[in-house]
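Chemist: With the hints as extra help, turn the sequences into a complete structure.
Taken in order, these protein sequences are the chains called A and B. Quick note: the first sequence uses my numbering, first residue 1, plus one each step. Quick note: the second sequence uses my numbering, first residue 190, plus one each step.
The hints are simulated quantities; they were obtained by calculation from the structure and are not laboratory data. All figures in this text were calculated on a predicted structure; none of them were measured in a lab. A few of these clues could be false.
Stated by the list, open to error - Here are the simulated lysine to aspartate or glutamate pairs, DMTMM-like style, with alpha carbons at most 20 Å apart:
(1) B:K278 with B:D327
(2) B:K344 with A:E21
(3) A:K97 with B:D215
(4) B:K233 with B:D299
(5) A:K97 with A:D132
(6) A:K97 with B:E304
(7) A:K97 with B:D235
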Amino acid sequence: MGLNASDPDAGRTEVAAAPAEGVFTTTLDKMVRWARAGSLWPLPFGTACCAIEFMSVVSSHYDLARFGAEVVRFSPRQSDMMIVAGTVVDKQAPILKLIYEQMCAPKWVISMGVCASSGGFYRAYHVMQGIDEVVPVDVYVPGCPPTPEGLIYAILKLQEKIERGDPSHWQVEAERRAADDRSQQLVGS
Amino acid sequence: MAEFVSENLRRNFGDAIERVSDDRGDLTVWVTRSRVHDLLAHCKRDPELDFCFCMDVTAVDYLSLGGVPRFAVVYHLYSLKTGKRVRVKAGVPEDDPVVDTAVDVWRSTDWFEREVYDMFGIRFEGHPNMKRILCHRDFQGHPLRKDYPADLRWKLLRPDDLLDEISGEEMQRIRSRVSHPISE
Chain A
1 MGLNASDPDA
11 GRTEVAAAPA
21 EGVFTTTLDK
31 MVRWARAGSL
41 WPLPFGTACC
51 AIEFMSVVSS
61 HYDLARFGAE
71 VVRFSPRQSD
81 MMIVAGTVVD
91 KQAPILKLIY
101 EQMCAPKWVI
111 SMGVCASSGG
121 FYRAYHVMQG
131 IDEVVPVDVY
141 VPGCPPTPEG
151 LIYAILKLQE
161 KIERGDPSHW
171 QVEAERRAAD
181 DRSQQLVGS
Chain B
190 MAEFVSENLR
200 RNFGDAIERV
210 SDDRGDLTVW
220 VTRSRVHDLL
230 AHCKRDPELD
240 FCFCMDVTAV
250 DYLSLGGVPR
260 FAVVYHLYSL
270 KTGKRVRVKA
280 GVPEDDPVVD
290 TAVDVWRSTD
300 WFEREVYDMF
310 GIRFEGHPNM
320 KRILCHRDFQ
330 GHPLRKDYPA
340 DLRWKLLRPD
350 DLLDEISGEE
360 MQRIRSRVSH
370 PISE
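Modeler: This is the structure we're talking about:
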């Protein structure tokens, strides 16, 4: 291909022609999102029977490894997807919040089952009516308990969300807080 | 069926026994509140009765039945030797909800009595640690009372101390056994 220094399109032609077979161009942002979506490390916050269903999802039959989310960690420091599986009582609420806050960003939360999502049939004096009272939730899964397919669908939804680049709730929160701080400073000055 | 149990209790406690019912073999003995501790101790120590096992301590709120006294504390006893059971009930008035503890008779009643205190607000005199067991420290009221709104919740902002029953010394011993790298 002939290069002509006077041709304004010369550089562009060069780049378009450059990729060899098996090489793709993309943006760094997109690649990071793709990698994050495909390597979620779940932290199970299991308090009831939903946690049993979660076990079957990560075991061989339903095999969550197919979606890159099988590395279950029991330390919030090492995980980025919290799966709250079960009833969370008011006494447990500050513990849930503490563990969520110990997770490193970026982080996501799946509320598995009706108890975690809305209190379920525990409309009572002791159960939180949805964990979103204390932690931000990205995907809610209905069911009592949800089927393994239900949880897998939720993880696929979360992956879509991550790949699309939708801001996670922690991001929205953090940005809101930063904006609040800025306006506080403006008021102060 | 369990006649010897009711006869034994009547013989030993006389007027303190308010009522006895034997409904299809389920023996229930109502006893005056002031004598309930004596009666429980007797049930355990009398060789004929030998109720070595206190299966449960609970309570009933008779508010909607217009009950006077309002509450009853209920003990379920079982004898491994004779295979007999007895239910001991003692009426507790609303304005003075106190009963003597049975922890010195069966140590297993420790948590049962705390649960009754938590749920009904009935205090057990002489209990070594009379505090809530299920609800958290910022909870107010007693949820199994009939006049407690079923869905009234109390939020807890900071984790409750779940290990406060363990003495400092015991905690030290437990900590020294933990060998996870994070704990060091």
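Chemist: Output the indices of the hints that this structure fails to meet, ascending.
Modeler: Per hint list: 1, 2, 3, 6, 7 violated.
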